[in-house]
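Just so you know, the sequences run in chain order H and A. For the first sequence, the working numbering gives the first residue as 16, with consecutive numbering after it. For the second sequence, the working numbering gives the first residue as 2, with consecutive numbering after it.
I should point out that these hints are in silico values taken from the structure, not numbers from a laboratory. Predicted model only: the values in this text are computed from it and were never measured. Mixed in with the good hints, there may be bad ones.
Stated by the list, open to error - Straight line, CA to CA, 35 Å or less: simulated DSBU-like cross-link-like pairs of lysine-lysine:
#1 H:K17 x A:K86
#2 A:K32 x A:K62
#3 H:K129 x H:K17
#4 A:K24 x H:K129
#5 H:K129 x A:K41
#6 A:K86 x A:K75
#7 A:K41 x A:K86
#8 A:K81 x A:K32
#9 A:K75 x A:K32
#10 A:K24 x A:K75
#11 A:K81 x H:K129
#12 A:K41 x A:K81
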Amino acid sequence: MKSAIVVFPGINRERDMARTLRLISGTDPAMVWHAETALPAGTDLVVLPGGFSYGDYLRCGAIAARAPVMDAVRAHAARGGLVLGVCNGFQILCEAGLLPGVLMRNAALRFICKDAYLRVERSDTPFTRGYNAGQVIRVPVAHGEGNYVADDATVERLEGEGRVAFRYVGPDGESDPRWNINGATGAIAGILSERGNVLGLMPHPENHVEASIGSTDGRGLFAGLTQHFAKVA
Amino acid sequence: MAVGLRRQRLRGRGIPDISTAMKARVTVTLKTGILDPQGKAIEGALASLGVSGVASVRQGKVFDIEVAATDRAKAEALAKDAAEKLLANTVIENYRVEVLG
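My request is simple: use the sequences and hints to build the entire structure.
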């Protein structure tokens, strides 16, 4: 799996992401600066990592979404290439129009930095094939603006087309407002694009891949992607 | 003299001469029905400060832009372009453009 991590000014999770990709896929990702206009030839997976691009000025991800490299990311997605956006990466994907909706200020207004429980809603996507549908995973979140909002018609479409990939739940998979940590519509933690080749999620699966951290629940996402490309090749 | 020199220097660097620029204001507000947790918090703070009679608060943004255009229509079009492309996220926000002259 040939992956490329896009680096914007103010991003701070790119090295966690690179370490995880190296650890699980066995291949070093390319680090691509935001001012580039092309991705390395043969890129399979583009990753927009977490952080605070441009200090979250204007709106989270708004300025990064308009960086030169994003035209290349858009072209990659249009060809059916896979794009993963985590945290600020998810916000950037929404601002870039690659995913619908927007991430608003957390309902309780506080920055949330703790582990969250997610239900993997489906396992038949390149991003979630490393999990079973309905499986509950524990991964960290660290965000102030993770409250997913879209108009009713968009949410209805996302739900109807099975494009909600991850949802905030309790440890046993129960849906309850108190487990919906940021107040997101429908407790949505992650969504897929119409063609299923772009995934954005607020939590950080890349931070739960080694036993020494206390959980390896995030491994499935990267192991699944690696398997997907091993099979394609 | 000093002002003239500065203006010349700015022009040399491709920076528009703002002395002849028009001013435009873009006001960005949240669409009706979009939850505004920040506005709610401000509303609560006003109540606790004893500012009574506040029914609700919605927070927005104001951008004052100096436009290198000499006629109002051009200035308005430029500010509208800026709002569409970057200043507002039309999924959740409305915007209004005013040319202040």
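task = For the pair supplied as a hint, K81 of chain A and K32 of chain A, confirm whether the alpha-carbon distance does not exceed 35 Å.
result = holds (17 Å)
query = Taken at face value, is the distance from the CA of K75 of chain A to the CA of K24 of chain A at most 35 Å?
reply = holds (11 Å)
query = Is the hinted pair K17 of chain H and K86 of chain A satisfied, with a Cα-Cα distance of at most 35 Å?
reply = holds (32 Å)
query = Holds or violated: K41 of chain A with K86 of chain A, Cα cutoff 35 Å?
reply = This hinted pair holds, its Cα atoms lying about 28 Å apart.
Satisfaction of hint between K17 of chain H and K129 of chain H, Cα-Cα up to 35 Å = With Cα atoms ~31 Å apart, K129 of chain H and K17 of chain H stay inside 35 Å; holds.
Distance restraint between K86 of chain A and K75 of chain A, which requires alpha-carbon spacing of 35 Å or less = holds (16 Å)
ask   = Is K81 of chain A close enough to K129 of chain H, meaning Cα to Cα at most 35 Å?
value = violated (41 Å)
query = Does K129 of chain H pair with K41 of chain A here, judged by a C-alpha cut-off of 35 Å?
reply = Cα-Cα ~25 Å, so holds.
inquiry  = Given the hinted pair K75 of chain A and K32 of chain A, is their Cα-Cα distance within 35 Å?
reply    = Distance ~27 Å between K75 of chain A and K32 of chain A Cα, so the pair holds.
ask   = Holds or violated: are the alpha carbons of K41 of chain A and K81 of chain A at most 35 Å from each other?
value = holds (29 Å)
ask   = Given the proposed pairing of K24 of chain A with K129 of chain H, does the C-alpha separation stay at or below 35 Å?
value = violated (46 Å)
message = For a C-alpha distance cap of 35 Å, please report whether K32 of chain A and K62 of chain A respect it.
response = holds (13 Å)
Hint check: violations occur at hints 4 and 11; the rest are consistent with the structure.
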